[in-house]
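Colleague: The residues making up each chain are set out below.
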Amino acid sequence: MYTDLFLNAIASGILLGGFYAAVTVGLGIAFGMLDVGNLAHPAFVILGSFCVYILNQRFGVDPILAALIMTPFFFVLGAAIYQVYYLCFERRGEEGLRGLAFFFGILFITEVALILGFGVDYRFVEAPYIGPTLHIGSVDLALRTLVPFLISLVMIGGLHLFLSKTYIGRAILAVSQDSLALRLMSIRPYRVKLIAFAISIATASLAGAFLIIIQPVEPSIGRDYIGRIFAIVVLGGLGSFPGMILAAFLLGVAENLTATFYGPSWSPAVAFGLLLLTLAFRPAGILGRRA
Amino acid sequence: MTDALLTVAGLGKRFGGFVALDGIDFHVQPGERVGLIGPNGSGKSTLVNCISGNLRNETGTVHFNGGPLDGLPAYQRTRLGLARSFQLPKPFRSLSVAENLCIPLHYAVNARHGVHLSAAQIDERCEELLRMVALDGKAKARPRDLTQIEMRKLELARAMAAAPKLLIADEAMAGLSHSEVDDIITLLLKLNESGIAVILIEHIMRAVMSFSQRLVVLVAGRKIADGMPQDVVQTPEVLRAYLGE
Amino acid sequence: MKNLTFWSLTALFVVIVFAASRLVTNDYFFFAGYVVLQYIVLATAWNVLGGYTGYINFGTSGFFAIGAYSSVVLHKLWGPPIPVLILIGGVLAGAVGLGMGGLTLRLKGVYFAIGTLALAVVAQTLVTNWDFVGGSRGVYIIRPGSVPLLGSYIHYLFLIMLILAGIAVAIARTIEHSTLGFGLAAIRDDEQAAEAAGVPTLKLKLISTTLSGALMGMAGAPLPYYVTYLDPASGFNLTYAVNAIAMPLIGGTTSWLGPVLGAIFLGTIQQAATVTISSSLNLLFVGVLLVLFVVIAPNGLIGLYKPRRRVGAAT
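Protein chains in written order, with the numbering used here: chain A, 12 to 302; chain B, 4 to 248; chain C, 684 to 998.
Because the hints were derived from the structure by calculation, they are not lab data.
Misleading hints may appear alongside valid ones.
To be verified - Simulated coverage check for chain C against chain A, where a stretch passes if three residues somewhere in it have a Cβ under 8 Å from a Cβ of chain A: (1) 792-798; (2) 847-857; (3) 973-981.
Unchecked claim - One-sided and incomplete, this derived list gives chain C residues near chain B with beta-carbon spacing under 7 Å: (4) A868; (5) A879; (6) A880; (7) G881; (8) V882.
For glycine and all other residues, C-beta sits at the position ideal for the given N, C-alpha and C.
Using the sequences and the hints given, assemble the complete structure.
Modeller: Following this line, the structure appears as structure tokens:
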């Protein structure tokens with residue numbers, strides 16, 4: 012029975028990790044590659060959840076489909092936010108303190124706006140894959156975690172291909188390493204970063220759908236995720252996609268094991284504890300370049 | 004070689020897979036004027052950063068004034084007498100020009116064993132330095148109000164304020180006019196007269212040639228020449244590096 | 684103005700304010716005033732690390748709650764007077780600041796900031812799982828009825844916080860005009876250049892973090908007696924973290940006056956607002972103000988009035 016519990020914890024931990032990877036990939040791009048400390052990323056994910064909620068509950072649209080429909084809007088939103096950030100902070104060279112405070116403020120504004128619009132009740136969506144469970148031997152895989160996991164892998168795989176194969180994608184990778192060289196190739200780093208940041212917010216739409224499929228959502232849940240996604244980005248190593256995915260799985264499994272054997276009230280500490288340890292002992296992360 | 008002021012032996016530094024410095028050996032005698040040149044990306048700034056402690060070298064050692072520097076943080080190296088200026092001036096923007104100079108006076112000079120400068124003495128030294136670089140009229144100005152050359156002078160003055168035995172001037176003249184370059188050279192020569200060794204890193208050849216007693220050439224992380232300036236510029240390796248095959 | 688003069692003036696100001704408060708009959712003034720004074724301490728503490736040194740702390744609620752919960756533990760075990768609680772709360776929070784600084788200050792400022800966030804959550808999780816201090820259900824603290832000489836207990840709490848605010852401001856001002864303050868400004872402006880100029884950056888950053896954390900812990904120590912019911916959700920409330928950042932940024936980060944102005948400005952508005960409108964709208968309001976000020980007036984209220992930034996003359 013113990014082994015069953017253990018196996019299930021690991022299995023669902025991996026599925027959870029896949030979902031965490033989807034939530035983190037946006038920050039992985041913004042912070043890992045562009046050095047933009049977007050603390051507000053979880054708020055956009057929650058925003059995505061609520062958009063999906065509306066489309067699902069009012070119009071009966073499938074959550075994943077709803078997220079895909081919303082993705083272009085989130086892309087535009089991301090572009091707009093980066094414009095403001097760039098004009099007010101990056102250009103003045105004051106990214107550090109004030110940039111972070113800016114996103115901190117956005118985090119709040121978004122959360123509270125959602126509370127004012129939707130109240131503090133938990134919201135959920137309906138879809139045919141929320142409910143049934145797949146049984147493989149003694150391991151139970153809930154479809155509502157399995158489906159996001161699979162689609163998340165597709166999304167991240169797609170992003171990875173985009174970054175390594177397309178012209179713009181490679182420009183994004185380049186700007187994260189050496190924006191001066193990029194300028195010498197007469198590509199404006201600003202344009203590239205704008206697109207990259209817009210993409211990072213666009214991922215929040217799909218991540219939001221995953222979130223509300225997996226669990227009911229209320230506006231302040233975003234705060235639980237700040238630590239998780241930063242922990243994953245730092246643990247995985249800035250700028251490393253494979254590292255990020257590996258770290259996401261590790262965190263998912265670690266949290267699940269903790270919840271199963273020690274109780275769910277200890278779970279928040281796992282992510283943040285891991286983060287502190289990583290910062291203290293191996294700030295470059297598992298697979299990252301120098302911090 | 005044993006009584007050299009600065010001895011760098013087998014210094015190596017990589018960034019991931021990229022080898023920036025590959026076993027550099029060189030030395031500087033007390034009071035010497037050494038020029039360090041090389042094409043862009045040859046590792047000059049990396050070398051400076053490793054010597055000054057801003058970067059950690061993976062292999063090799065650095066000895067200064069009879070003691071090893073390895074493992075010491077940058078601020079301690081400055082206190083031991085090794086000062087550097089930055090390629091792109093990095094002034095303290097919220098402080099006045101005079102206050103910029105007070106920082107090393109308080110933290111580098113006044114922190115040394117047996118040194119106890121009073122506030123009045125610090126102010127005096129600050130004024131002296133400002134006069135030396137002809138910035139005494141701008142003591143209360145902010146760095147953002149300075150011209151290009153004034154910024155560079157402030158940058159050098161700040162390194163000088165630490166009362167070093169060795170000053171590393173990293174491309175202190177980039178973007179300056181002909182006469183401005185002469186100003187800086189005069190300043191560095193005056194400094195050298197009082198016994199301070201200077202490593203001059205530059206691309207402006209006439210400055211390097213007229214200033215240096217010895218010339219070191221770095222190409223792709225390796226030292227390819229080290230000797231009298233007139234001899235060095237004639238060696239085939241150096242010519243090849245600068246003019247191609 | 685010499686430091687001694689400033690400390691004397693601050694002490695005088697404290698006495699005057701306290702004397703004036705004796706004329707007020709409505710107890711509500713003391714309850715609201717306590718909160719504003721508490722924010723003066725928190726904002727000033729935050730600014731020592733944030734404004735003077737340039738390292739942003741998102742985990743104010745963590746340090747603050749360490750002070751509050753250490754008081755809970757001591758109250759249950761022993762019941763010492765509040766000044767003792769403040770001292771111990773300060774030492775503990777300062778020690779945590781030192782430890783955390785040691786772990787994260789060698790890295791870029793952004794990692795320190797994230798680390799502070801992590802600290803707050805870890806601390807909250809630990810407290811939530813600790814039954815001795817009530818866990819997630821919270822704990823009740825009996826507030827003594829009255830105090831000799833002063834009258835009702837809330838007057839006593841008000842006085843304590845007033846004195847603490849005076850001390851915090853005087854400490855901040857002393858640092859600002861000292862060699863330490865110069866060093867911190869150099870670190871804030873350009874850490875690499877500061878190192879090259881002989882500033883022991885790690886040591887100074889640790890001093891700043893420890894002092895900042897200690898002051899926050901001191902501000903939190905009397906909290907259990909003020910609220911009489913304390914649970915992790917309120918002790919670690921994000922409002923403390925947001926306000927501690929918003930107040931100095933709105934008031935101005937380069938001088939001791941900024942956090943004071945910001946705390947009085949934002950604090951009074953919020954006290955009025957919580958009564959009239961919901962607390963969520965309160966948070967929204969602070970968030971919007973924060974973003975607006977950060978974008979439009981980076982030097983805060985002080986900057987709007989006096990465009991030149993000054994760090995103070997050499998001693």
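Colleague: Counting residues of the segment 973-981 of chain C that have a beta-carbon nearer than 8 Å to any beta-carbon of chain A, does the count reach 3?
Modeller: holds (count 5)
Colleague: Holds or violated: the hint that V882(C) contacts chain B, with Cβ atoms closer than 7 Å.
Modeller: holds (5 Å)
Colleague: Does G881(C) hold up as a contact with chain B if the rule is Cβ-Cβ below 7 Å?
Modeller: Result: holds, 3 Å to nearest chain B Cβ.
Colleague: Cut-off 8 Å, C-beta pairs, minimum 3 residues; does the coverage of the segment 847-857 of chain C by chain A stand?
Modeller: violated (count 0)
Colleague: Taking the least C-beta to C-beta distance, is A880(C) closer than 7 Å to chain B?
Modeller: Holds, about 4 Å.
Colleague: Three or more residues of the segment 792-798 of chain C near chain A by CB distance under 8 Å?
Modeller: holds (count 6)
Colleague: Can you verify the interface hint for A868(C): is its Cβ closer than 7 Å to any Cβ in chain B?
Modeller: This hint holds: A868(C) lies near chain B, its Cβ roughly 6 Å from the closest one there, short of 7 Å.
Colleague: Can you verify the interface hint for A879(C): is its Cβ closer than 7 Å to any Cβ in chain B?
Modeller: holds (6 Å)
Taken one by one, the earlier hints fail for this structure only at number 2.
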